[in-house]
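Each chain is listed here by its residues.
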Amino acid sequence: MYTAAGLAILITMVLAITRTLLGPTVYDRILAVNMFGTKTVLIIAVIAFMSGRTDLLDIALAYALINFIGIVAVLKFFEYGEFSRGGRGRP
Amino acid sequence: MNLDSVIDILLLAFMAVIAIAIVRIRDLFGIAMLFSIFSLLSAGVFTVMDAADVAFTEAAVGAGISTILMLATLTRTARKEKPSNSKNPAVALIVVFVTGALLVFGTSDLPRFGDPQAPVHQHVAPRYIEESPKEIGIPNMVTSVLASYRGYDTLGETTVIFTAGIAVMALLGMRRSRRREDDEEID
Chain A
1 MYTAAGLAIL ITMVLAITRT LLGPTVYDRI LAVNMFGTKT VLIIAVIAFM
51 SGRTDLLDIA LAYALINFIG IVAVLKFFEY GEFSRGGRGR P
Chain B
1001 MNLDSVIDIL LLAFMAVIAI AIVRIRDLFG IAMLFSIFSL LSAGVFTVMD
1051 AADVAFTEAA VGAGISTILM LATLTRTARK EKPSNSKNPA VALIVVFVTG
1101 ALLVFGTSDL PRFGDPQAPV HQHVAPRYIE ESPKEIGIPN MVTSVLASYR
1151 GYDTLGETTV IFTAGIAVMA LLGMRRSRRR EDDEEID
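Heads up: the protein sequence lines correspond to chains A and B, in order. Sequential numbering of the first sequence, starting at 1, is according to the numbering used here. Sequential numbering of the second sequence, starting at 1001, is according to the numbering used here.
Derived by calculation from the structure, the hints in this document are not laboratory data. The structure presented is a predicted model; accordingly, all values stated were derived computationally and were not measured. Any given hint could turn out to be false.
Said to hold, decoys possible - Negatives, chain B to chain A, calculated, CB over 10 Å: (1) Ser1086; (2) Phe1105; (3) Pro1116; (4) Met1141; (5) Phe1162.
As the list claims (entries may be wrong) - Which residues of chain A face chain B? A few of them, derived with a C-beta cut under 8 Å, are: (6) Gly6; (7) Leu10; (8) Met13; (9) Leu15; (10) Ile17; (11) Thr20; (12) Leu22; (13) Val26; (14) Tyr63; (15) Ala64; (16) Ile69; (17) Ala73; (18) Val74; (19) Phe77.
What the hints assert, rightly or not - As a list, the in silico SDA-like pairs of lysine to any residue whose alpha-carbon atoms are at most 20 Å apart: (20) A:Lys76 to B:Thr1077; (21) A:Lys76 to B:Asp1027; (22) A:Lys76 to B:Thr1073; (23) A:Lys76 to B:Leu1171; (24) B:Lys1080 to A:Ala8; (25) B:Lys1080 to A:Tyr27; (26) A:Lys76 to B:Ala1078; (27) A:Lys76 to B:Leu1172; (28) A:Lys76 to B:Gly1062; (29) B:Lys1080 to B:Met1070; (30) B:Lys1080 to A:Thr25; (31) B:Lys1080 to A:Val26; (32) A:Lys76 to B:Leu1069; (33) B:Lys1134 to B:Ala1147; (34) A:Lys76 to B:Ile1031; (35) A:Lys76 to B:Ile1022; (36) A:Lys76 to B:Thr1075; (37) B:Lys1080 to A:Gly23; (38) B:Lys1080 to A:Ile30; (39) A:Lys76 to B:Met1169; (40) B:Lys1082 to B:Ile1022.
All residues carry an ideal CB built from backbone N, CA and C; glycine is no exception.
Just chain B, same shape as in the assembly:
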C-alpha cells in the first residue's frame, strides 16, 4: 500500500470523525471550528484526486468565507445549541439511511474514477483539449472553458454571488449604522 492511498484513507477517516463530532457537540463555536477543519480535509482529498481547481474553491469558500460567515451569524444568536426536542428520532434516522442508501446505489452506475472512457471525457472535452488554444488563444484550458465556452454561465454565477454579497453587506452594515445612532443618542 503506497502513501497516496494511506493519505486518502486517513483523510476520509478524519472527515468521518469530524462529522460525528459536529453532530454530538453542542458548543456552536466549536462546531464552526470543526467545519473549518472539515473543509480543509475535503480540500485535501480534492487535491489528492488531482482536482486542483475544486480544491482551491473549497479552501477559499469552505474554510475561509463560510467560517467567517458562521461566526458572524453566531454574533446574532446564542453560543449553545438547544437540546433537540424531537419526539421520534427513529423517523429521522430512517430518512437519512434511505437517502444514503439511494446515493450509494446511484454511485454504482458511475464510471470508475479516472476512467478515460467515461462519458464526460468523450463529449466536448476532446474539442476543448485540441481546439481551445487555437480558438480562444488562452494556454490554460480551464480558464478558456470558464471564461469563453461557458461565458454566460459564469456571468450568471458571478451575478448570483454579487447579489449575495450585497445582501450580506447590507445585513452586516445595517447593525453598525444602528449602533452609531444609539451611540450618538447616549452622547
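So here's chain A without its partners, still in its complex pose:
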C-alpha cells in the first residue's frame, strides 16, 4: 500500500514539475511550487511509515510550515512588488 501511495505521489511530482516548466503565467508556477511542497511533505510521511522512523513526521510538519510561509511571501511579493509594505491600503 505504501508502494502504491509513494508511486502516486511521485507521478504527481512529475506533473507539478511539468507545470512549473511549462506554466505560461506566474500563478501556474506558484501553484505548482506550492503543490510540489505538499508532495514533498507527503513523500516524507510515506518514507517515515515505510521505514518505521516516525520521527521524520516532525520534519514533514516543519516542511509544511516552511512551504506555507514561503508561498505567502511569494504572493505578497506579487501583490505589492516588495516586502517592506504593510497590509492593504497602508503605505
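Starting from the known structure of chain A, fit chain B onto it as the hints suggest.
Quick look at chain B alone, frame taken from chain A:
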C-alpha cells in the same frame, strides 16, 4: 528494486531536470521558483539518506529564506535575464567538465555510503555516543555536539549569521525609509 531506491533515483532525476531548466529559462521569477523546488528535492534526498538535521536546514534555508531573498533581489533588478554575450562558450564548457571530472575522481577515494569503518565514524564519534549523556547531560547527541563540544564553532557561525541578518535588514530597511521621505515631500 524496492521503493526506497525508486524514490532515490526519481528525486535525483527530477533534480537533474530542474537544473537543466534553470540554465535554459530566462524568466528570473520562474528560476526562483525552480530553485525552491530544487531545494525541496535535495531536502527529500537528505531525508532518504537519514540526514534529518541537514534536510531540516536545507528546507528552512534553501526553500524558505533563499527564495524570499531572491525575490527581494528581483524587486531591485529586472525580471528577465539578458542573453549572454560570451564570445567563446567552449571555454566555459571545458572548465565545467574538468571541474566535474575532478569532483567525480575525488569521490572514488571516499568510503562507501553508510560504511561503519569510515574514518569519520572512528575518530570522535564513539566518544560522543558513549560519553555525551554522562558528560553533557543532554539526551540528544547532535545537540550536545553542536552546543557543547563544538560550542565556539557554533558561536562563530551564529555571529556570522547575525551579522548577515543585520546587513540584509539594513539594506531592505534603507529603501523603506527613503520612500517615506519621498511620500512626505509629495504630501
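Quick rundown of the hints versus the structure:
1. The beta carbon of Ser1086 of chain B sits about 25 Å from the closest Cβ of chain A, which is more than 10 Å, so the claim that it is off the interface holds.
2. Chain A leaves Phe1105 of chain B outside its interface by the beta-carbon criterion, the shortest separation being 31 Å against a cut-off of 10 Å.
3. Even its closest Cβ contact with chain A, about 19 Å, leaves Pro1116 of chain B beyond 10 Å, as expected for a residue assigned away from the interface.
4. Every C-beta of chain A lies more than 10 Å from that of Met1141 of chain B, the closest at about 14 Å, which supports listing it as non-interface.
5. Phe1162 of chain B, annotated as away from the interface, keeps every beta carbon of chain A farther than 10 Å; the closest lies near 20 Å.
6. For Gly6 of chain A, the suggested interface contact is upheld, since its CB lies about 5 Å from the closest CB of chain B, less than 8 Å.
7. The closest approach between the C-beta of Leu10 of chain A and any C-beta of chain B is roughly 5 Å, which is under the 8 Å cut-off, so the hint is satisfied.
8. With a least beta-carbon distance of about 7 Å to chain B, the hint placing Met13 of chain A at the interface is held under the 8 Å criterion.
9. With a least beta-carbon distance of about 12 Å to chain B, the hint placing Leu15 of chain A at the interface is violated under the 8 Å criterion.
10. Of the supplied interface hints, the one on Ile17 of chain A holds, with its beta-carbon coming within about 6 Å of a beta-carbon of chain B, less than 8 Å.
11. About 6 Å separates the beta-carbon of Thr20 of chain A from the nearest beta-carbon of chain B, less than 8 Å, and the hint is met.
12. With 8 Å as the threshold, the beta carbon of Leu22 of chain A stays out of range of chain B, its nearest partner Cβ sitting at about 10 Å, so the hint is violated.
13. Annotation: Val26 of chain A was flagged as interfacial toward chain B, and the flag holds, the nearest CB pair being 6 Å apart, inside 8 Å.
14. The closest approach between the C-beta of Tyr63 of chain A and any C-beta of chain B is roughly 5 Å, which is under the 8 Å cut-off, so the hint is satisfied.
15. Nearest Cβ of chain B to the Cβ of Ala64 of chain A: about 10 Å, over the 8 Å cut. The hint is violated.
16. Here the hint on Ile69 of chain A is kept, as its CB sits about 6 Å from the closest CB of chain B, short of 8 Å.
17. At its closest, the beta carbon of Ala73 of chain A sits 5 Å from a beta carbon of chain B; the interface hint therefore holds under the 8 Å criterion.
18. Because the closest C-beta pair between Val74 of chain A and chain B is about 6 Å apart, less than 8 Å, the hint holds.
19. With 8 Å as the threshold, the beta carbon of Phe77 of chain A comes within range of chain B, its nearest partner Cβ sitting at about 5 Å, so the hint holds.
20. Taking the CA atoms of Lys76 of chain A and Thr1077 of chain B, the gap is about 17 Å. The hint holds against a cut of 20 Å.
21. Between Lys76 of chain A and Asp1027 of chain B, the direct Cα distance comes to roughly 19 Å. Compliance with the 20 Å bound is thereby established for this hinted pair.
22. Proposed proximity of Lys76 of chain A and Thr1073 of chain B is supported: the alpha carbons are some 14 Å apart, at most 20 Å.
23. Only pairs whose Cα atoms come within 20 Å are accepted, and Lys76 of chain A paired with Leu1171 of chain B is accepted, the gap being roughly 19 Å.
24. Between Lys1080 of chain B and Ala8 of chain A, the direct Cα distance comes to roughly 35 Å. Violation of the 20 Å bound is thereby established for this hinted pair.
25. Proposed proximity of Lys1080 of chain B and Tyr27 of chain A is supported: the alpha carbons are some 17 Å apart, at most 20 Å.
26. Under the criterion of a C-alpha separation no larger than 20 Å, the hint pairing Lys76 of chain A with Ala1078 of chain B is consistent with the structure, at around 18 Å.
27. At roughly 15 Å between alpha-carbon atoms, Lys76 of chain A and Leu1172 of chain B fall within 20 Å of each other, so this suggested pair holds.
28. As the CA atoms of Lys76 of chain A and Gly1062 of chain B are separated by approximately 19 Å, the hinted pair is consistent with the 20 Å bound.
29. A distance of roughly 14 Å separates the Cα atoms of Lys1080 of chain B and Met1070 of chain B; the hinted pair therefore holds under the 20 Å criterion.
30. Only pairs whose Cα atoms come within 20 Å are accepted, and Lys1080 of chain B paired with Thr25 of chain A is accepted, the gap being roughly 14 Å.
31. For the given pair, Lys1080 of chain B sits about 13 Å from Val26 of chain A by alpha-carbon distance, which is consistent with the 20 Å threshold.
32. Taken as a hint, the Lys76 of chain A and Leu1069 of chain B pair is honoured in the structure, with Cα atoms around 13 Å apart against an allowance of 20 Å.
33. About 15 Å separates the Cα atoms of Lys1134 of chain B and Ala1147 of chain B, which keeps this hinted pair within 20 Å; it holds.
34. The straight-line distance between the Cα atoms of Lys76 of chain A and Ile1031 of chain B is roughly 18 Å, inside the 20 Å bound, and the hint therefore holds.
35. Straight-line distance between C-alpha atoms of Lys76 of chain A and Ile1022 of chain B comes to about 23 Å, which puts the hinted pair past the 20 Å bound.
36. Between the alpha carbons of Lys76 of chain A and Thr1075 of chain B the distance comes to roughly 12 Å, so the proposed pair stays at or under 20 Å and holds.
37. Of the pairs offered as hints, the one joining Lys1080 of chain B and Gly23 of chain A holds, with about 16 Å between alpha carbons and a cut-off of 20 Å not exceeded.
38. For the hint linking Lys1080 of chain B to Ile30 of chain A, the alpha-carbon distance of about 17 Å falls within 20 Å, and the restraint holds.
39. As the CA atoms of Lys76 of chain A and Met1169 of chain B are separated by approximately 18 Å, the hinted pair is consistent with the 20 Å bound.
40. Taking the CA atoms of Lys1082 of chain B and Ile1022 of chain B, the gap is about 14 Å. The hint holds against a cut of 20 Å.
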